[in-house]
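J.: So the chains spell out like this:
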Amino acid sequence: MRAGAVRAFGALLLRDVRVLGKNLPGLLVRIIMQPLLFTFVFAYVLPKTGMGFIGGSGFATVLVPGLIATSTFFQGIQSVALQLTQDFGFTKEIEDRVLAPLPVWGVGAGKIAAGVVQSVLAALVVFPIVLVVHAKGQAPHVHVHDVALLVLALLVTCLLGSAFGLAIGVVVEPRQIPFVFALVVLPATLLGCVYYPWSTLHTVRWLQVVVLLNPVVYMSEAFRGVLTPGVHHMPLGVSLGAMAALAVAFTAIGLRGFRRRVVS
Amino acid sequence: MSVPTIRTRALRKVYGGRREAVAVDGIDLEVPAGMFFGLLGPNGAGKSTVIGMLTTRVDPTSGTAEIDGIDVRRHPAAAKRLLGVVSQTNTLDRSLNVAENLEFHGRYFGMRGREAKARAAELLETFQLADRARSSVAALSGGLAQRLMVARALVHRPAVLFLDEPTTGIDPQTRINLWEQLRALHAQGQTILLTTHYLDEADALCERIAVVDHGRVLADDSPAGLKREHGSDTLITMTVEGGGLEGLRAQAEALPAVAQAVLDGDRLRVTAGDSEGLLATLVSAAADRGVTVHDASSQPPSLESVFLALTGRELRE
Ligand SMILES: Nc1ncnc2c1ncn2[C@@H]1O[C@H](COP(=O)(O)OP(=O)(O)OP(=O)(O)O)[C@@H](O)[C@H]1O
Ligand SMILES: [Mg+2]
Numbered sequence: 000m001r002a003g004a005v006r007a008f009g010a011l012l013l014r015d016v017r018v019l020g021k022n023l024p025g026l027l028v029r030i031i032m033q034p035l036l037f038t039f040v041f042a043y044v045l046p047k048t049g050m051g052f053i054g055g056s057g058f059a060t061v062l063v064p065g066l067i068a069t070s071t072f073f074q075g076i077q078s079v080a081l082q083l084t085q086d087f088g089f090t091k092e093i094e095d096r097v098l099a100p101l102p103v104w105g106v107g108a109g110k111i112a113a114g115v116v117q118s119v120l121a122a123l124v125v126f127p128i129v130l131v132v133h134a135k136g137q138a139p140h141v142h143v144h145d146v147a148l149l150v151l152a153l154l155v156t157c158l159l160g161s162a163f164g165l166a167i168g169v170v171v172e173p174r175q176i177p178f179v180f181a182l183v184v185l186p187a188t189l190l191g192c193v194y195y196p197w198s199t200l201h202t203v204r205w206l207q208v209v210v211l212l213n214p215v216v217y218m219s220e221a222f223r224g225v226l227t228p229g230v231h232h233m234p235l236g237v238s239l240g241a242m243a244a245l246a247v248a249f250t251a252i253g254l255r256g257f258r259r260r261v262v263s
Numbered sequence: 000m001s002v003p004t005i006r007t008r009a010l011r012k013v014y015g016g017r018r019e020a021v022a023v024d025g026i027d028l029e030v031p032a033g034m035f036f037g038l039l040g041p042n043g044a045g046k047s048t049v050i051g052m053l054t055t056r057v058d059p060t061s062g063t064a065e066i067d068g069i070d071v072r073r074h075p076a077a078a079k080r081l082l083g084v085v086s087q088t089n090t091l092d093r094s095l096n097v098a099e100n101l102e103f104h105g106r107y108f109g110m111r112g113r114e115a116k117a118r119a120a121e122l123l124e125t126f127q128l129a130d131r132a133r134s135s136v137a138a139l140s141g142g143l144a145q146r147l148m149v150a151r152a153l154v155h156r157p158a159v160l161f162l163d164e165p166t167t168g169i170d171p172q173t174r175i176n177l178w179e180q181l182r183a184l185h186a187q188g189q190t191i192l193l194t195t196h197y198l199d200e201a202d203a204l205c206e207r208i209a210v211v212d213h214g215r216v217l218a219d220d221s222p223a224g225l226k227r228e229h230g231s232d233t234l235i236t237m238t239v240e241g242g243g244l245e246g247l248r249a250q251a252e253a254l255p256a257v258a259q260a261v262l263d264g265d266r267l268r269v270t271a272g273d274s275e276g277l278l279a280t281l282v283s284a285a286a287d288r289g290v291t292v293h294d295a296s297s298q299p300p301s302l303e304s305v306f307l308a309l310t311g312r313e314l315r316e
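First to last, the protein sequences are chains X and Y.
According to numbering that gives the first Met the number 0, the stretch in the first sequence is residues 0 to 263, in order.
According to numbering that gives the first Met the number 0, the stretch in the second sequence is residues 0 to 316, in order.
Check each hint, because a few of them may be wrong.
[Stated by the list, open to error] Covered by chain Y, per the in silico footprint, the following chain X stretches (three or more residues, Cβ under 8 angstroms):
1) 10-20
2) 72-79
[Claimed, not checked] From the structure, some residues in chain Y lie toward chain X, with a derived Cβ separation under 10 angstroms:
3) Pro75
4) Leu95
5) Asn100
6) Leu217
These aren't lab readings, by the way, just hints derived from the structure by calculation.
From the three backbone atoms N, C-alpha and C, an ideal C-beta is built for every residue, glycine too.
Sequences are here, hints too, so could you generate the full structure?
T.: And the structure:
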């Protein structure tokens, strides 16, 4: 019985990975585009133009954790939420998978697991890009002291993104999901301490407090902590703790909403 | 006494929302293993909701539903192993091709890769889809998609196959093909619950039919039993001419088998429970009275009349 549920879960995950594989070329383009352009412009072009006060090594160092965080996070959201537009769409094609012999929440959890797979893939693709693309002598200062912490930060980011994607996917009407997604990405990124460390916001105190509502802040700061400890960052316990708490909350919202969607 | 494959007790579903809607209003069903059972009812009768509750996708408001003795509400994951479902809409996985739709369904039910592939190949053969194995499911015609849905529901060899209005919106030829396939499955012992709003479909396929309307079962019997019980009667219509028509009408009505005889212009309509030899009797009675019979016809009892008698309305598309 339990073994059957585990195998069903594995099969659902396998199905999502198979679909991911079918869409791989387009997916890779989407993953690579943003971080590649950012590092190209800020770590290569601007230093070359002599506008090093904007770009350059210091900025590249600030940028690397933020780009990895956002690429991973948004890939997780997108992977789950956009898939659900089709799953819940007009034909409700997820119905056959909901009839698989496992509890309904297991089917929702499978969606999160598939999102984690896709966002880990995104992180693996983005890492080398942001490390390698820069003008001569403008390399970001990356020092990984603790690989386990890096892996932990990465997994929690993937989980948070996928759980957030599921929560959006079940709360928002399928047709509206691409719209909501577009609406969320820009503010979450620009106000997510991606391009500047959170500590620098102390000059705009109210903003420094308000952005704490933005999950992206904790990811950017956590990746700073594990990748570029030389840059000022939140204590890892705080950023990782906040991410874990948010991941649990969104998972709960997502799984409950998922059930409500598929069982009337 | 073995456990019935499907059993519901006082099953009820009230949809919430701004206006409460009683979709299913206390339904008791018992379907033994191997039976081809039909739920016949008009649009909105509650057929899909009954299937939804039996297949764990609709939460009952009250009452119980059991498959092979397993309470679907308390043990949904266990119950789902026993269910094969062909829902009213096309729910094929459009991200997978035809063969993958079957293979992955098998994997969801615990088959290993090779086993799932073999089972998929077998069903593609049975349902004459082998040449479309690598097609995208979006490219399938309605009839082929329907066949693939049935094949998919059978991959894991379910104890009971549910089909929710499988032939609505499908051309007559495809419909007949599906009927053949379902008959073959039934002959192999597959328990089947089918919903339909086609009387001829229920009549042609089902061993027992529950007529539902407004969420209630109005009658539950074999097609013949339904016709006997509720199917009012055989209707004999004669076109007649001459004097003494009223006398003929009275004589007809006095016959023991006749329920009613009505004269309407030159037409005499006789309804009777037992129609054997009645037409001949009426024709010779007319001859004795010097009445000319231009035309006479006899309509056997039909589900159409059963339905009319039970619900007070005709079931038309
Ligand atoms: N999710 C829902 N929310 C609210 N009301 C619903 C819902 N699903 C069905 N209903 C209502 O419940 C009643 C029964 O619907 P159901 O779909 O079970 O009927 P049906 O017999 O399958 O009809 P059809 O032949 O049109 O498929 C209808 O009045 C319908 O409007
Ligand atoms: Mg229906």
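J.: Now tell me if each hint is right for this structure.
T.: Tested hints:
no., hint, result
1, 10-20, "holds (count 6)"
2, 72-79, "violated (count 0)"
3, Pro75, "7 angstroms, holds"
4, Leu95, "7 angstroms, holds"
5, Asn100, "8 angstroms, holds"
6, Leu217, "25 angstroms, violated"
Checked against the numbered hints given earlier, the structure breaks hints 2, 6 and satisfies all the rest.
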